[in-house]
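Listed in order, the protein sequences are those of chains A and E. Taken in order, the first sequence gives residues 1 to 775; the numbers are from this note's numbering. Taken in order, the second sequence gives residues 1 to 79; the numbers are from this note's numbering.
Hints were generated in silico from the structure; no laboratory data involved. One should not assume that every hint holds.
[Stated by the list, open to error] Cross-link-like lysine-lysine pairs, in silico, BS3-like; alpha carbons within 25 Å at most:
{"no.": "1", "chain 1": "A", "residue 1": "Lys13", "chain 2": "E", "residue 2": "Lys57"}
{"no.": "2", "chain 1": "A", "residue 1": "Lys13", "chain 2": "E", "residue 2": "Lys26"}
{"no.": "3", "chain 1": "A", "residue 1": "Lys557", "chain 2": "A", "residue 2": "Lys435"}
{"no.": "4", "chain 1": "E", "residue 1": "Lys15", "chain 2": "A", "residue 2": "Lys13"}
{"no.": "5", "chain 1": "E", "residue 1": "Lys15", "chain 2": "A", "residue 2": "Lys234"}
{"no.": "6", "chain 1": "A", "residue 1": "Lys234", "chain 2": "E", "residue 2": "Lys65"}
Chain by chain, the residues run as shown.
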Amino acid sequence: MFTSMTNRRDFIKKMARLSAITAAVSMFPGILFAEEQERGLPKGGNLDWKKAPCRFCGVGCGVLVGVENGKAVAVKGDPKSEVNKGLCCVKGYHSVMAMYGNDRLTKPLVKKNGTYVETSMDEALDLIASKMKETIQDHGKDAVSIYGSGQWTIPDGYVASKLFKGCIGTNNVEANARLCMASAVTGFLTSFGLDEPMGCYEDIDYADVFVLWGNNMAEMHPVLFSRLLDQRLKRGVKIIDFATRTTRTSMAADKSILFLPQTDLAVANAICYEIIKNGWVNTSFVEKHCNFTKGSTNIGYGLEDKFAFKDKPEKISFEDYKVFLEDYSPEKVEKISGVSAKDIKYMAAYYGDPNKKVMSLWCMGMNQHTRGTWINNLVYNIHLLTGKISEPGNSPFSLTGQPSACGTVREVGTLTHKLPHGVVMNKEHREFAAKIWDVPVENIPSKPTYHTVEMFRALDRGDIRFMWIQVTNPMVTMPKLKRYRDGAKKEGRFIVVSDIYPTPTTDIADVILPSAMWVEREGMYGNSERRTQYFEQMVEPPGEAMSDTWQIVEVAKRLGYEKQFYYKEETHIEEIYTEYRRHHDNKKHNMAPLEVLKENSGMQWPYVDGKPTKWRFNSKYDPACSNGEDFHFYGKPDGKAIIWQRPYEPAAEEPDSEYPYWLNTGRVVEHWHTGSMTRRIPVLHKAMPKAYVELNPGDAKRLQIQTGDSVKLTTRRGEIILPASVNQRGVPAPMQVFVPFFDENMLINDITLDSFCPISKEPDYKKCAVNIEKV
Amino acid sequence: MPIKSYLAHPHQGKKDELILAISALKHCEVVPAQNRDIIVIVTETDTREEEDNLKLKLEAISSLKLLAMVSGFNTPQKN
Ligand code: SF4
Numbered sequence: 001m002f003t004s005m006t007n008r009r010d011f012i013k014k015m016a017r018l019s020a021i022t023a024a025v026s027m028f029p030g031i032l033f034a035e036e037q038e039r040g041l042p043k044g045g046n047l048d049w050k051k052a053p054c055r056f057c058g059v060g061c062g063v064l065v066g067v068e069n070g071k072a073v074a075v076k077g078d079p080k081s082e083v084n085k086g087l088c089c090v091k092g093y094h095s096v097m098a099m100y101g102n103d104r105l106t107k108p109l110v111k112k113n114g115t116y117v118e119t120s121m122d123e124a125l126d127l128i129a130s131k132m133k134e135t136i137q138d139h140g141k142d143a144v145s146i147y148g149s150g151q152w153t154i155p156d157g158y159v160a161s162k163l164f165k166g167c168i169g170t171n172n173v174e175a176n177a178r179l180c181m182a183s184a185v186t187g188f189l190t191s192f193g194l195d196e197p198m199g200c201y202e203d204i205d206y207a208d209v210f211v212l213w214g215n216n217m218a219e220m221h222p223v224l225f226s227r228l229l230d231q232r233l234k235r236g237v238k239i240i241d242f243a244t245r246t247t248r249t250s251m252a253a254d255k256s257i258l259f260l261p262q263t264d265l266a267v268a269n270a271i272c273y274e275i276i277k278n279g280w281v282n283t284s285f286v287e288k289h290c291n292f293t294k295g296s297t298n299i300g301y302g303l304e305d306k307f308a309f310k311d312k313p314e315k316i317s318f319e320d321y322k323v324f325l326e327d328y329s330p331e332k333v334e335k336i337s338g339v340s341a342k343d344i345k346y347m348a349a350y351y352g353d354p355n356k357k358v359m360s361l362w363c364m365g366m367n368q369h370t371r372g373t374w375i376n377n378l379v380y381n382i383h384l385l386t387g388k389i390s391e392p393g394n395s396p397f398s399l400t401g402q403p404s405a406c407g408t409v410r411e412v413g414t415l416t417h418k419l420p421h422g423v424v425m426n427k428e429h430r431e432f433a434a435k436i437w438d439v440p441v442e443n444i445p446s447k448p449t450y451h452t453v454e455m456f457r458a459l460d461r462g463d464i465r466f467m468w469i470q471v472t473n474p475m476v477t478m479p480k481l482k483r484y485r486d487g488a489k490k491e492g493r494f495i496v497v498s499d500i501y502p503t504p505t506t507d508i509a510d511v512i513l514p515s516a517m518w519v520e521r522e523g524m525y526g527n528s529e530r531r532t533q534y535f536e537q538m539v540e541p542p543g544e545a546m547s548d549t550w551q552i553v554e555v556a557k558r559l560g561y562e563k564q565f566y567y568k569e570e571t572h573i574e575e576i577y578t579e580y581r582r583h584h585d586n587k588k589h590n591m592a593p594l595e596v597l598k599e600n601s602g603m604q605w606p607y608v609d610g611k612p613t614k615w616r617f618n619s620k621y622d623p624a625c626s627n628g629e630d631f632h633f634y635g636k637p638d639g640k641a642i643i644w645q646r647p648y649e650p651a652a653e654e655p656d657s658e659y660p661y662w663l664n665t666g667r668v669v670e671h672w673h674t675g676s677m678t679r680r681i682p683v684l685h686k687a688m689p690k691a692y693v694e695l696n697p698g699d700a701k702r703l704q705i706q707t708g709d710s711v712k713l714t715t716r717r718g719e720i721i722l723p724a725s726v727n728q729r730g731v732p733a734p735m736q737v738f739v740p741f742f743d744e745n746m747l748i749n750d751i752t753l754d755s756f757c758p759i760s761k762e763p764d765y766k767k768c769a770v771n772i773e774k775v
Numbered sequence: 001m002p003i004k005s006y007l008a009h010p011h012q013g014k015k016d017e018l019i020l021a022i023s024a025l026k027h028c029e030v031v032p033a034q035n036r037d038i039i040v041i042v043t044e045t046d047t048r049e050e051e052d053n054l055k056l057k058l059e060a061i062s063s064l065k066l067l068a069m070v071s072g073f074n075t076p077q078k079n
């Protein structure tokens, strides 16, 4: 909550109170302090409460924003929201404060002779349009690009894709969700032919066992985690934390199992081995609904520029698959993974027990992985072999980190190969999009261009000359950052950055556009469970700040696309959403009309006959099933899901004598991603002011390092000095270290590796080799 | 002028009793969680000695199971 600070002592008192509340919230997710909320409300005020999805993570909690005298002053959880049922986490409670930081960008800035000069919005937009035209003329269409975000609203991403793919005619459209969700997407596509989870959060109310695959849910998805803990209180469910590091999630779990980095692949195969060996396979389900397939092996790590890979799937039999699994007995895998055969059997037994419903949950641990697609496939294998899928409580479920990674990046399709419906490689899909976009089909190129890492490599090489970056902070988040920062600063590059605060990314900009944030404009987000949520504009944006949607529309008009960008300023969000819905007008993906979104706390797609679809591919719940069977995996031409044969392969860079430790990077509960918003919220900033390196207590003792000591981390990319953290919040396993990435003053990504999954092209931020020394 | 905050855990079924007992103490502010057995306490005293005394009083409350300090600040004189 947010009150004005009348004096320093009151401020400190409030800090003390909020520090305790912050601690309580991260230790007991979902904890509510009603009195504290009331205290935050301006006295005698005329608060108007309006509903919105939370600005921050992909859980997509429904919140009520209290507005008074044109200012958003308070937030509380929306009791009517099915997602969070009135709960909120510490970030959500403080979210409105992120709008009122002192250094909010309010005027467009143009770089002239090395310094930023204020200009009018009209002039800045004119300059952007003329630079785009000039670049296209001099270097071709594929020299201009846009890099967006899972924080883009649905209309933002939609107009970006329409302008670049449909009008300009380049597939240079990418978004930061490539860095966090791409492996989940390719996992879904390869196993089921369609993206996004089959289940929903309601699975939590039915599952008996939760297996968290490398997912620190207590800190990253606190409200959902509190729903798990509630179920434990009510029904005694079991929570298994399967991770490489001991976290608050491990401490709250019933069982914590640690594995060596990258070996989740082997363990998942070992679980399948056990399921088959013990006769726990749901034979009729597998026979009716699954195919077995193997793909290429030794597929590389994408470390070189212009790396290319195409998988070569080959059908195999169940018998072939069993032979393959012989290498993955629990006893053999124990040696690779460090997980005891007993623990592997323990997990397998839950998955194999026909009387237990199991939900697998994961996020960055499985996705930011050089075999991210494979590990997603392997977890689906477990659920498919046992038939524990697509029904209440039996659910493999990938979580998202951004409020609209699903809604915008995955559903609108703001990735180089995607269209709102389908992919650019498919002629019919191009024709369909071109018709709705009112452009000649020839405009849309049939070949994808650059995925995110390659897009920044192309900028460095000079293949891309113009990049427009909206609502994201790649100069903190790109792996092997130094190369991409230096590349972006090279002569002959023109970078536009739309954001709400100065960041290391605005530092590389030629033009900075001030953006309207969240409820300063109208829009929609789509969360992890296929729920689209609408929010109205509640307050005016500061100065000349403008929504990202309207910035793009204005530039599109200046480029001569008035016909396609016919929207009126007052009604453009509704017009864009209505147009967008046409791309998904079918039983498999229909989106709810805007009136329905406005009336409800969001609505899940497919929205068919006035109802959301909670469990896809199950004919009891999903009207798109048409094969007359209980289940229909209609994303694949023969209606069957795929059980993939995928081996364990090592990480791109493993510890050796020179760099003997594993470096893992990630997030903390107080900050949202790069911290550009949460570091401007005093209570969150004070609670977690700077980054640190977590060490294993045994390693720290041997190196005589104590909490607070300066430690130098060196990788093949460079070095960084960080304060040590020993036995504080998280505890890495021996010979591993962990560093959060939220701190722009300690850019850990300067030393990470830009290896990626060859299928999803998502980088692996969790594994590279590092040396540590006390300084 | 110390200001400190704590998380207090009551013994089972004793949350209301604990809230009452702490509320009765001077220099103590209580923020109970609505849906969990956790109470946030903020103490504001004039001297270190007063602070120590208060902590002893808190720890003597029979309904209190555990008192964990979260933050401590030393502030300038009241303004
Ligand atoms: S869990 Fe995520 S969506 Fe929910 S309040 Fe926290 S940050 Fe917002």
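Hints, verified against the model:
1. Of the pairs offered as hints, the one joining Lys13 of chain A and Lys57 of chain E holds, with about 21 Å between alpha carbons and a cut-off of 25 Å not exceeded.
2. Pair hint Lys13 of chain A plus Lys26 of chain E holds up; C-alpha atoms about 16 Å apart against a cutoff of 25 Å.
3. For a cut-off of 25 Å, the pair hint linking Lys557 of chain A to Lys435 of chain A stands: about 19 Å separates their Cα positions.
4. Taking the CA atoms of Lys15 of chain E and Lys13 of chain A, the gap is about 23 Å. The hint holds against a cut of 25 Å.
5. Annotation: proposed proximity of Lys15 of chain E to Lys234 of chain A holds, straight-line Cα distance about 20 Å (limit 25 Å).
6. A C-alpha spacing of about 23 Å is found between Lys234 of chain A and Lys65 of chain E, which places the hinted pair at or below 25 Å, so the restraint holds.
Hint check: no violations occur; every hint is consistent with the structure.
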